[in-house]
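Visitor: Let the sequences and hints guide you as you build the complete structure.
2 protein chains.
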Amino acid sequence: MTTTGRQLVSTMNADNTMTLELVEREFPEPKGNQVLVRMEAAPINPSDLFLMTTGADLENADYSAGKVVMPVAPQVAKGQSARHGKPQKVGNEGAGEVIAAGDGEMAQALMGQRVACVPGHSFGDYALADATMCLPLGDHSSREGAASFVNPMTALAFVETARAEGHDAIIHAAAASNLGQMLNRICQEDDMGLVNIVRRPEQADLLREQGAGHVVLSSAGNYEKQLADAIRATGAYLGFDPVGGGTTTDTCLRAMERVAASRMEEFNRYGSDQQKKMYIYGRLELAPTVLTPSYGFAWTVSGFLLTPFLAKAGPETLMRMRKRVLDGLTTTFASEFKTRVDLDEMLTKDAMMDYARMATGEKYLVTPA
Amino acid sequence: MTTTGRQLVSTMNADNTMTLELVEREFPEPKGNQVLVRMEAAPINPSDLFLMTTGADLENADYSAGKVVMPVAPQVAKGQSARHGKPQKVGNEGAGEVIAAGDGEMAQALMGQRVACVPGHSFGDYALADATMCLPLGDHSSREGAASFVNPMTALAFVETARAEGHDAIIHAAAASNLGQMLNRICQEDDMGLVNIVRRPEQADLLREQGAGHVVLSSAGNYEKQLADAIRATGAYLGFDPVGGGTTTDTCLRAMERVAASRMEEFNRYGSDQQKKMYIYGRLELAPTVLTPSYGFAWTVSGFLLTPFLAKAGPETLMRMRKRVLDGLTTTFASEFKTRVDLDEMLTKDAMMDYARMATGEKYLVTPA
Chain G
1 MTTTGRQLVS TMNADNTMTL ELVEREFPEP KGNQVLVRME AAPINPSDLF
51 LMTTGADLEN ADYSAGKVVM PVAPQVAKGQ SARHGKPQKV GNEGAGEVIA
101 AGDGEMAQAL MGQRVACVPG HSFGDYALAD ATMCLPLGDH SSREGAASFV
151 NPMTALAFVE TARAEGHDAI IHAAAASNLG QMLNRICQED DMGLVNIVRR
201 PEQADLLREQ GAGHVVLSSA GNYEKQLADA IRATGAYLGF DPVGGGTTTD
251 TCLRAMERVA ASRMEEFNRY GSDQQKKMYI YGRLELAPTV LTPSYGFAWT
301 VSGFLLTPFL AKAGPETLMR MRKRVLDGLT TTFASEFKTR VDLDEMLTKD
351 AMMDYARMAT GEKYLVTPA
Chain A
1 MTTTGRQLVS TMNADNTMTL ELVEREFPEP KGNQVLVRME AAPINPSDLF
51 LMTTGADLEN ADYSAGKVVM PVAPQVAKGQ SARHGKPQKV GNEGAGEVIA
101 AGDGEMAQAL MGQRVACVPG HSFGDYALAD ATMCLPLGDH SSREGAASFV
151 NPMTALAFVE TARAEGHDAI IHAAAASNLG QMLNRICQED DMGLVNIVRR
201 PEQADLLREQ GAGHVVLSSA GNYEKQLADA IRATGAYLGF DPVGGGTTTD
251 TCLRAMERVA ASRMEEFNRY GSDQQKKMYI YGRLELAPTV LTPSYGFAWT
301 VSGFLLTPFL AKAGPETLMR MRKRVLDGLT TTFASEFKTR VDLDEMLTKD
351 AMMDYARMAT GEKYLVTPA
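Same order as they appear, the protein sequences are chains G and A. Heads up: the first sequence at position 111 corresponds to 111 in the UniProt record's numbering, and the numbers run straight through without jumps. Heads up: the second sequence at position 311 corresponds to 311 in the UniProt record's numbering, and the numbers run straight through without jumps.
Keep in mind the hints are simulated off the structure, nothing from the lab. The hints are all genuine.
Copies of the same chain are indistinguishable here, so a pair counts whether it falls within one copy or spans any two.
Taking lysine-lysine pairs in the BS3-like style, the calculated list, with each CA pair at most 30 Å apart, reads:
| no. | residue 1 | residue 2 |
| --- | --- | --- |
| 1 | K225 | K78 |
| 2 | K312 | K89 |
| 3 | K89 | K31 |
| 4 | K225 | K86 |
| 5 | K338 | K349 |
| 6 | K338 | K89 |
| 7 | K67 | K349 |
| 8 | K349 | K89 |
| 9 | K89 | K67 |
Given the structure is predicted, the values throughout are model-derived calculations rather than measurements.
Guide: Following this line, the structure appears as structure tokens:
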């Protein structure tokens, strides 16, 4: 028995356009530990926008009911040639009610419950999800649980990674984001030092109001000195950068080296022996990452993704992290939403141009029904 | 009792000049496990040139007996402000006869022997060296042993690193270097796959004559395809890059991803899950390293230095590596020298302009006496 409903898909076309549209699809009967969830709420995260708006000219797109055709920068279209003509389902996470379950024990136990899930196609009427990755929400609403995976688990993964690599302080760039605000709360709870980098004074105020001890303004004239001072105060030689392109990571490494070199008694042509590391976990800027030869050879820059982290961390760590998220769903891990849209509204010009900006505190929630 | 002799030093000056000169200095009496070596031969390695010629205008320098004053690019002078006015001793390694020893057991055992050493100031008449890092040369000449540390140990460290990280094939850029030729021989002995990247056809011929199976010409029109083919054939997802600046590392990562992505059944917005890693171990190009957003998030770029590698590897690994170098001193680890110069000759315009080019097969040997 299959269920029919709408699904948002994104297709890159060879003619330098991208199509975003709602299609009717059949959701197959769940098997084993799969469950079928009637979606009630799903957040639009930056990681979703990669398939939806990256490189697209939203101003000059063609908006018809249930379908948007956007001109796309040729280099973006070319870079994603592997998906030309192949519709990609969109939406990482969301929450809703389990209306069918496979015969697996975990799936059966979720029947009738409200759960958060990570189906990878959450922008639609239904989603087929893995029961092992579902979080039963109990008395919480779908709105409260909709964004309980991507940002909470990523923020927790940063702190887990820092501990595992022997650090007790970290730098976070673009730190006023929804994820950044969670990280700020987690670091305070866990006594992990945190240097927040933000661009605008009001973002700095926001984080300070939420207890942040170190906030550095990247738009300030003395940015690099401020950053070095905060690194000196916290000992943060590990950082997480969602910007990716440009000089954000380079500036952090240079500031780390500036502090480390100031403690050296003699000049060393190879730089300080202080290991410095930056993880790039997003691509808010698509420009190339630029690394200057300014910090010797004791440095590492690495991509960071949640899924391989979780696979490596193992089920016990995963369960511990998920329990913590559930316990803090309306506090530490609460997400604010600017507005809610249904599946049709999310494809209007006004909505798309607004959520594609990814402005601080202006996250959208998709409520299909 | 001290010994007096000449020492080459390099001084960066605040007026955008660099001075390279021979100074008379006192070498103190060795203590503990120190030995005093009368230097007989020392190679000029690229790592030595960083303090000697990087950023300098050798054409318009002032060459007087025993002293060279070179105009230096302002950004280079500024980047090394930590050493302004502070003479730096020059010369990583060399070989000679132990003429005095501290009272430590290891030092005493070397008395009167010919040894290779890593004093960090080998361009001079004498050097004070750590006995634990000395390699007794037995019947080998100082010329044979002079270059037995930096390049041999670095090449061996690449293979040790690859094994430790689970790889059985590596990429090497600028692969026709003295180090690259050693690596080519080591990889054949150890059955480690090797993709050699070179710029000129004659460099490719040189490596092929020495048994290289995969040589890729970076100057060829189909360079990236060639590189991807070699990666496909060897499974090399780890590489070592002495160029550092520009796109060498990026091109390797892109080629790795091209091979990994061709094996994926579905498009993944985050790239392949094949981990890709490049170590930058030199800065033949001082331009920034450019990393394009073309290979997802499963990648790492890291600086590589021999000293921290050896410290982490521990004494047993160090001893095993050194024994292998000694056993292969005239075969696997043999260095060819274009010419030999004494301390005065190494500061002449002709010599400096020649060795600063770091041309393949044109390494200089300094013989102080």
